[in-house]
Every structure is written in structure tokens, then in C-alpha cells.
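Chains as they are written, first to last, in the numbering used here: chain H, 1 to 115; chain Z, 1 to 115; chain Y, 1 to 115; chain G, 1 to 115.
Hints in this document: simulated from the structure, not taken from any laboratory. Warning: the hint list may mix true and false statements.
Said to hold, decoys possible - Label-pair distances were calculated between CB atoms; the ranges are:
id	chain 1	residue 1	chain 2	residue 2	range
1	Y	Phe48	H	Asp103	32 to 38 Å
2	H	Asp103	Z	Lys59	32 to 38 Å
3	Y	Glu7	Z	Ala52	33 to 39 Å
4	Y	Gln50	H	Phe102	41 to 47 Å
5	H	His61	G	Met3	22 to 28 Å
Every residue, glycine too, gets a C-beta built ideally from N, C-alpha and C.
4 protein chains.
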Amino acid sequence: MDMKKIESLINKFSTQRDWEKFHNPKNLAMALSVEASELVEIFQWLDFEQAANLQGEKKEHAKQEIADIAVYLIRICMHYNIDLEEAIVEKMKLNEKKYPLFDEQGNKIEYGKKK
Amino acid sequence: MDMKKIESLINKFSTQRDWEKFHNPKNLAMALSVEASELVEIFQWLDFEQAANLQGEKKEHAKQEIADIAVYLIRICMHYNIDLEEAIVEKMKLNEKKYPLFDEQGNKIEYGKKK
Amino acid sequence: MDMKKIESLINKFSTQRDWEKFHNPKNLAMALSVEASELVEIFQWLDFEQAANLQGEKKEHAKQEIADIAVYLIRICMHYNIDLEEAIVEKMKLNEKKYPLFDEQGNKIEYGKKK
Amino acid sequence: MDMKKIESLINKFSTQRDWEKFHNPKNLAMALSVEASELVEIFQWLDFEQAANLQGEKKEHAKQEIADIAVYLIRICMHYNIDLEEAIVEKMKLNEKKYPLFDEQGNKIEYGKKK
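For reference, chain H alone in the conformation it holds in the complex (with noise of 0.2 Å):
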């Protein structure tokens, strides 16, 4: 994914429309999980096997959200210049350190050890 072309567009959306001083990390947060919400909305009433299987004008309203949610969590990231990528590969080793594997005679098996 190029991130500085979509930090562009988001930037030049923002800043023609004068929309930056709305732009606290707050209310971005706010924004953000309000975007999380309406994809949420979609699957409300949804078994899993209809949830699993999205098809036509629900899945592009699907993606829709996705992409919203997407924008208000790089537009958080540029404020406080946290790199998307790095942020995600320093949080997957902390995962991997909570949620421990263990090999068949029940020992831990160490974060970077060959699997």
C-alpha cells in the first residue's frame, strides 16, 4: 500500500474543505469507532454462514466501511507520526509473546525460533 499517497489524498480532502480543525486525535477516535460501528451494523442480525458470504451490494457497502475505518486510523497515525506498518509488526510480537506456542512435549517455543 503507498502510504504517502494516501496520506495525500487524505490531506488535500481535509485541508480544502477546511475540515482540519475538527481533526482531534478525540474526535478523530470518536469518528473512527463510530465507522467501526456501522460496519458492525451490517452483520447485526447475520448468521455466520451469511456473514462469511457477502455478496453484491452489501459487500461493496462492506468495503465502503472498511475503507472509512482505514482513513480516520491513517489520519490518527499522521497526527502523531506513528508508522502504520511498524506499529502493526511491534504489536505481533508482543502477541506472539502473550499467546506463547508450545511444541508436542508441552515446552514453550520462543519468539524468533524456527517453527
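Guided by the hints, dock chains Z, Y and G onto chain H, whose structure is given.
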């Protein structure tokens, strides 16, 4: 952002723990919204200045929640074969149409025209 | 439900801790949504049967999250002098109109008519 | 608040539309969080003064979202036979212990002791 690398990390992490069975999009959307609220929680009692200037542990905490949100978002895209960059670019075009710009004479500036 | 008693408990708790200054409705709405997500978190990896039959600690946990949601909801009503019972009754009437019933001949059954 | 009356309204509304089949607590928790976000959405770009002084249509909108949240909350309580008033009172007691008060000498004031 190297999406193939991130997708590979996410896929490996889930597969090794046999967690794929839980990752129906309905559940993933719920988990995404829960992580979004964990980001909101950091800001809920802060004023705008405090929110704009997170430091130290609080900023690190926000970074981790942002990563968690991104991981679930990418995981949902993987399920539906959604290209996140394309989804963002398309949605930004829709947003341009939804919130048009006007020139100094009050005429709508069409999307794609030079500005 | 004795609303006066509950409102008095909420009011006393906040006042004693000097927390009233944080309780702007913007913050309270954020806190309410965070508590709602803590309830969602209980259910996020459960199937429908597990969700329908919470037991023991999990049920107690859900009960506590439900109470937290109710407290913030009532706190917001207190701020705006909203009568929660009246708000619910009025909204149910709107819902009746939004989702009308039809009789066996396919005619809309008007709200308030006997059914 | 006359809980029996409210429960009866909720029950009748769902039963008449044959929507009970959708009302698994997992789905209801999702729907509750979606309604909570619809309340958050009203506040997301407002400053604290604007948020504290909602008027007219915006206040009416907030009132309706509050009612929607309450309806799903009460619906979940109905599923698990949770007495909402009792749940709130019990949780407030836990909160008193979790956030103890201190007297002027810095000694913890025990819950239930006169203050």
C-alpha cells in the same frame, strides 16, 4: 506498507494457534469495534490539548490499539479479497462527490478538474 | 425502577470524587460506547448457543457491564433532563410507525388499533 | 420507571414482527453498541460547550438514540432475567470499593460509613 508481509504475519499467527475457526467476519467486525473502543477509552476524559499531545506510555498504548484495529481490518479484507488501498482510493472519490468543493463564484468544482 | 434513587446514587458518587467536571455529554457518550464494547467483547468469539447461555462468572461479568452502560445512559439523561421512560415510550411509537404491521389481506394495521 | 410496562412494549413489538429469532444476546449486544455509536456520532465534531447545550432537533435526535440504547439494554436483561435496578445498585457498590474515598487525614473511608 508491505501488505503481503503483514498478511503473512497475520495468517501465520492465527494458523499456528488454530484460531482461524473463530475468524468469521461477524466476529472480526465485533473484535475490530472493541479495539476501536479501547482507543476511544484513552481519550474519553481528556480535553483537546491533552488528546493532541499524548506522550510516553499513553502514546505507546494508543499505538498498540491502532495496530490492533489495523490487524482486524486487514484480516477482514483478507477474508473478502478486498484490496485495502483500492478500497480507500475509491471511497475518497465517493467522498469528493458527496462533499463537493465550490469556487469563488459558488460553482461546484467537478472532481478531477484542476484546483 | 426507582429512578430517583439511582440518580441520587450516581450523583453522590460523582460529586464525592469531584468527577462532575469530566462529565460533559461528549465524554459520557464516549464512555457509554466503551462500556457497550466491553459487553460486546464477552460475546465476540462465542457461537449463538454459548451466547444465549452465559453462566457463572461470564454472566456476572455481563451483568456488571450492563450496569455500567445503564449508569452512563442515566447520567446523560440527567444532564439533559430527559425522562428515560418517556423517551422509550415515544421511540417505541416511532418504531411502530417505521415498521408497520400488515393484516392477512396485506393492509397496514394502524398503530393503536386493536390487534 | 415502570419496567413491566417497558418490557411488555418491547416484547409485543418483537413478537408481532417475528423478530425474536434474531434476538440472540450476541446480536443484541452488537445492536446496542451500534446505537451507542449513533449517539457518539452526534457529538463527534462538537466542542464541549456545543455538546453540553444540544438544542432542538439535535437534542431530540440524542433522546431517540438514548431510547434505542435503553431498549436493547432492557432486552438483554430480559433474556438473562437480570433485574436492572439491582444490577446498577450492586455495581455502584463495587465502584465505591474500586474508587475509595479518603478523609482529610488520608485514611480510606469505608463504604457505608457515614460521610
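Hints and how they fare:
| no. | hint | verdict |
| --- | --- | --- |
| 1 | Y:Phe48 / H:Asp103: 32 to 38 Å | 35 Å, holds |
| 2 | H:Asp103 / Z:Lys59: 32 to 38 Å | 37 Å, holds |
| 3 | Y:Glu7 / Z:Ala52: 33 to 39 Å | 34 Å, holds |
| 4 | Y:Gln50 / H:Phe102: 41 to 47 Å | 25 Å, violated |
| 5 | H:His61 / G:Met3: 22 to 28 Å | 37 Å, violated |
Going down the numbered hints, you'll see the structure goes against 4, 5, while the others check out.
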